[in-house]
Amino acid sequence: MHALSTLSKLPVGHTGIIQSMPTGRVGLTRLRELGLTPGAKVTMVRRAPLGEPIEIAVRGSHLAMRNHEAADISITLA
Amino acid sequence: MSETTPLLAIVGNPNSGKTTIFNLLTGLRQKVGNYPGVTVEKKIGECYSQHGKKLRLIDLPGAYSLNARSPDEAVLRDVLLGRRPETPRPDRVVFIADAANLERNLYLLTQVLELGLPTVLVLNMMDIATAKEWRIDLKKLSEELGVPVVPMKATTGSGFLELKAAISREDVPLPNWQSAPLPEDIRAALHTIRAELLLTGAVHDKTTLLEPLYLLSDHDPLHAGIQGEYLGQIQRGRDTLSSTHPGWEDQLVADRYAQIEKLTQDVLQRPDKELPTLTQKLDAVLLHPTFGGITVFAFLVFLFYLIFKVAEGPMGWIDAFFGDLGGWVSAIMPPGDLRDLIVDGAIAGVGGVVIFLPQILILFFFIGLMEDTGYMARLAFILDRVMSLVGLNGKAFLPFLSSYACAIPGVMATRTIDNPKDRLITILIAPLASCSARIPVYVLLISAFMPDTVSTWIKACIMVGLYSLGTFGAFFFAWILNKGIMRGANAPMILEMPTYKMPALKSILLLVWQRAKAFLVRAGTIIFGISILIWAASTYPKNHELNDKAAVIEERIAALDESAVAEIEAAKKELASVKSQHLAQSIAGRAGHLIEPIIKPLGYDWKIGIGLIGSFAAREVFVNTMSVVYAVQSDDDEDLAPVRDRIREERHADGTAVYTPLVCISLLVFYVFAMQCVSTMAIVKRETGSWGWMFFQLGFMTGTAYILSLGIYQIGTALGY
Numbered sequence: 001m002h003a004l005s006t007l008s009k010l011p012v013g014h015t016g017i018i019q020s021m022p023t024g025r026v027g028l029t030r031l032r033e034l035g036l037t038p039g040a041k042v043t044m045v046r047r048a049p050l051g052e053p054i055e056i057a058v059r060g061s062h063l064a065m066r067n068h069e070a071a072d073i074s075i076t077l078a
Numbered sequence: 079m080s081e082t083t084p085l086l087a088i089v090g091n092p093n094s095g096k097t098t099i100f101n102l103l104t105g106l107r108q109k110v111g112n113y114p115g116v117t118v119e120k121k122i123g124e125c126y127s128q129h130g131k132k133l134r135l136i137d138l139p140g141a142y143s144l145n146a147r148s149p150d151e152a153v154l155r156d157v158l159l160g161r162r163p164e165t166p167r168p169d170r171v172v173f174i175a176d177a178a179n180l181e182r183n184l185y186l187l188t189q190v191l192e193l194g195l196p197t198v199l200v201l202n203m204m205d206i207a208t209a210k211e212w213r214i215d216l217k218k219l220s221e222e223l224g225v226p227v228v229p230m231k232a233t234t235g236s237g238f239l240e241l242k243a244a245i246s247r248e249d250v251p252l253p254n255w256q257s258a259p260l261p262e263d264i265r266a267a268l269h270t271i272r273a274e275l276l277l278t279g280a281v282h283d284k285t286t287l288l289e290p291l292y293l294l295s296d297h298d299p300l301h302a303g304i305q306g307e308y309l310g311q312i313q314r315g316r317d318t319l320s321s322t323h324p325g326w327e328d329q330l331v332a333d334r335y336a337q338i339e340k341l342t343q344d345v346l347q348r349p350d351k352e353l354p355t356l357t358q359k360l361d362a363v364l365l366h367p368t369f370g371g372i373t374v375f376a377f378l379v380f381l382f383y384l385i386f387k388v389a390e391g392p393m394g395w396i397d398a399f400f401g402d403l404g405g406w407v408s409a410i411m412p413p414g415d416l417r418d419l420i421v422d423g424a425i426a427g428v429g430g431v432v433i434f435l436p437q438i439l440i441l442f443f444f445i446g447l448m449e450d451t452g453y454m455a456r457l458a459f460i461l462d463r464v465m466s467l468v469g470l471n472g473k474a475f476l477p478f479l480s481s482y483a484c485a486i487p488g489v490m491a492t493r494t495i496d497n498p499k500d501r502l503i504t505i506l507i508a509p510l511a512s513c514s515a516r517i518p519v520y521v522l523l524i525s526a527f528m529p530d531t532v533s534t535w536i537k538a539c540i541m542v543g544l545y546s547l548g549t550f551g552a553f554f555f556a557w558i559l560n561k562g563i564m565r566g567a568n569a570p571m572i573l574e575m576p577t578y579k580m581p582a583l584k585s586i587l588l589l590v591w592q593r594a595k596a597f598l599v600r601a602g603t604i605i606f607g608i609s610i611l612i613w614a615a616s617t618y619p620k621n622h623e624l625n626d627k628a629a630v631i632e633e634r635i636a637a638l639d640e641s642a643v644a645e646i647e648a649a650k651k652e653l654a655s656v657k658s659q660h661l662a663q664s665i666a667g668r669a670g671h672l673i674e675p676i677i678k679p680l681g682y683d684w685k686i687g688i689g690l691i692g693s694f695a696a697r698e699v700f701v702n703t704m705s706v707v708y709a710v711q712s713d714d715d716e717d718l719a720p721v722r723d724r725i726r727e728e729r730h731a732d733g734t735a736v737y738t739p740l741v742c743i744s745l746l747v748f749y750v751f752a753m754q755c756v757s758t759m760a761i762v763k764r765e766t767g768s769w770g771w772m773f774f775q776l777g778f779m780t781g782t783a784y785i786l787s788l789g790i791y792q793i794g795t796a797l798g799y
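Chains A and B, in that order, are what the protein sequence lines are. In this text, residue positions in the first sequence follow this note's numbering: the first is 1, and each later residue adds one. In this text, residue positions in the second sequence follow this note's numbering: the first is 79, and each later residue adds one.
For the record, the hints were derived by calculation from the structure and aren't laboratory data. Where a beta carbon is used, it is the ideal one built from N, C-alpha and C, also for glycine. The reader is advised that the hints may include incorrect statements.
Claimed, not checked - Just some of the chain A residues that point at chain B, by a computed CB distance under 10 Å: (1) HIS14; (2) GLY27; (3) ARG46.
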């Protein structure tokens, strides 16, 4: 399956591959530095009890972020 | 060559166990302070090499990248580049990496290696990597990077001797890590920009492009280290680069990770499928949609039980200690101004603040425990959604909550918030949480205007109402500050969820000690000075006639037989009245008169004005001040009944009651919102590093209090209450 989606919509327990994310935005640059670069595998670990933030696993580390940022990261399901 | 002590910098990602290793090496031989101009903690310590040679260590702030996104990261960058005048450039680097998160840790490591300082790499948390069935080829890693590699498990101290041996070597080799060459157009642009920056002195390093590179990638002009005059120049350089090569920063990140991926494949063998770790099993419960919330709630209830209930005992001891100390000094010193200054000014004033020490110790012990185990990130994760409603993030929750005990530890606890804007907003709103010093004032005023026949439940409801009002106010102002007043885009909330670890008790106790010390130093200096000022204001100018009168009555009381109860009572009443007259003519009393025109529209008279002025030492002082103002004589400070009864009787000259329900409500609302605590202001000044924010807070809080109380009193009066 190679349907294009965004990280914010990735179901819990599923893994996707980052396709693209907007460039030149400070917050997203920091996410890249934490390992979320195009081509990297990300797994949706869980959502917080109130739906946000989300916890993802990337390159062996676990990060939490809000849907707002995750919605900018487009992925394909792995 | 002269004998100099080498300076070793401890560098690493947050949660890599950096501080634990620093503490292992230095023990108690460390000094904690601030980097000038920023509120970033500076920790310097000493240890001895295997050969008994002294080494200096500096624990640099944890960071993810040299492309700074916070004041902490800017300090790391500036120290490593030798850009901070007060901190020499380190001679060697000890890089602490989380072995169980190797790939991400290599990002900062490779950046640091490129700076060309001799480096020792410590792979910490090897046990967790082993549990994940990761096999790290240490020899290969050491060869590829050109640095010695020391595997460690800092929480148990294993690997410590090897670390000691590695940092004792004076011939630590220079790393041979070669970064991927910069793309040609970026390199060319950086060359040009560096030449311009060299001309004005904005950068010093003539040999590499790294200094201009990391300065250009720092987007926040407020970060210290880039002096004001160069800001425009650096901004122009960034604009140039962004127009010739849009997305250049993202390109560099991708290039670096491409290299790291290759390196990781060479040195790290991972099982095909990630094994469920202890952390994941724990999180399945602790972050469970239902259990997670319940755990957080139970945990907070427990914490507040400790802060409010368990701390009561030690707080009583401290109170008694300062009471005894005052009594002892009174007994050995001859009566006079000096004795009063020491007993009523210094001892009572400092005692009134030091009493919060048990709460501070408990709070910071728990904060240390939560940070160290990794639970703090989970707490922030669960509460982030709630805090985001007012524009804050989950990390602001605990400092705000702590402020219900006392705003001082609350403000100090905001250091765990890494986003400077969120941290500042949290500091600004924290004192709106109704702290424990407001409780006696609330209780006194509620009981003064509610008839005794009203059930305790209704009084409790009013109490809850006051707490809610403060909380609502705090959230409202957080929202306003976030939306309108504070500049700067909201940084995205990014939270690392570290693996759970056994807490290193020694490190936690050290943190508690450092926080307690900072607090006590404050109490011993600024708060000490202010206590004396307020004492002087209510003592001077002296009125000899009244003083002589008081002395005569005191002598009379002393001479009276204990059985003459009625006479003693009468004499004490007389004495209280003399003291009241004295206060009325003191500077504080005159100030009360002076501010009367300002507070009259709120329904207060000059006597209440004295109480408001006294409250600046600490709010609960209101109760004591009012008992002196109204010449209430009471042997027990804790007993509010005599003051309450006296307040109910207080009449204006025309015979109408002073403390009408409307005045009491107006006064209560004033206490909910007004910034009346000099100790908190001192801490806010220290934590924001700015008089400006301190005065801004004083202004907006007290302004709100004034406007609301004015509205309540005027509208209430117009409606005929």
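Interface hint status, A:GLY27 versus chain B (Cβ within 10 Å):
holds, 4 Å
Return the status of the interface hint for A:HIS14: holds when the least beta-carbon distance to chain B is below 10 Å, violated otherwise.
violated, 14 Å
Less than 10 Å between beta-carbons is the criterion; does A:ARG46 satisfy it with respect to chain B?
holds, 6 Å
In the structure shown, a violation is registered for the earlier hint numbered 1 alone.
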